[in-house]
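Engineer: Sequence:
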Amino acid sequence: MDAIMQARKCCGVKGERWGSHSFGRNPSLEDVESVTNFHYDLLGSFVGSIQKAKDAIFYSYNRHINGFAALLDEDEAAMVAKHSSVVSGLSLSEFGLPSRKLYSLVNAENAKADNANATDAFYCKHGALDHSKSKGKILVCHIYEDDPINQGVEVARVGGVGMILINDYSWFEVLPETHVLPAAHLNFTDGRHILNYINYTK
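If you read the sequence shown in this note's numbering, its first letter stands for residue 246, the second for the next number, and so on.
Simulated from the structure, these hints should not be mistaken for lab results. All C-beta atoms in this analysis are idealised placements derived from N, C-alpha and C, irrespective of residue type, glycine included. No incorrect hints appear here.
Dumping the calculated BS3-like pairs for lysine-lysine here, alpha-carbon to alpha-carbon at most 27 Å: (1) 370 x 380; (2) 382 x 299; (3) 327 x 297; (4) 370 x 357; (5) 357 x 382; (6) 382 x 370; (7) 380 x 357; (8) 357 x 378; (9) 299 x 327.
The following label-pair restraints were derived from C-beta to C-beta distances: (10) 295 x 362: 45 to 51 Å; (11) 363 x 282: 40 to 46 Å; (12) 299 x 380: 27 to 33 Å.
Whole structure, please, built from the sequences with the hints as guidance.
Structural biologist: Below, the structure written as structure tokens:
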């Protein structure tokens with residue numbers, strides 16, 4: 246329980262210069278294994294061993310971009326954050342995702358329920374998301390300052406497997422929360438990178 250309640254940093258490492266390890270929409274099992282091993286090797290060089298990297302990485306991504314997400318303590322996260330290709334955020338969620346399974350990344354606005362308005366979907370408010378558009382996907386929601394936990398509840402309600410919260414303004418803080426599903430909170434700049442990626446890969 247102590248390990249769960251520590252403010253571990255959720256680091257998303259994206260690899261613009263690792264294109265040779267990205268295999269398109271339908272990578273083979275061999276391709277996925279080679280990418281995952283590359284991620285273990287890279288993170289292992291920061292945290293001291295391949296085993297520690299395997300324990301930390303909870304998601305590997307290799308469709309269109311090559312990257313991974315890992316839960317690290319503050320010292321480890323600070324080392325990794327010096328890498329030029331790192332996007333980082335905070336989460337206290339005790340949950341993780343299988344690193345060898347692929348999940349689609351969706352802007353919550355594009356998962357709007359038919360009877361909801363776009364603004365409510367933008368903020369992942371209760372009742373605003375459509376189950377068929379969200380199930381099995383990681384949703385990107387704009388932070389609703391007073392209610393970030395319930396944003397995750399809404400994503401989980403419609404079958405989402407994870408959530409990325411992004412700030413609308415540069416002066417918004419990034420804070421750890423005890424989310425009900427795998428989640429990370431990104432600052433304004435890093436959130437724009439995520440949205441640009443989604444738009445680029447539509």
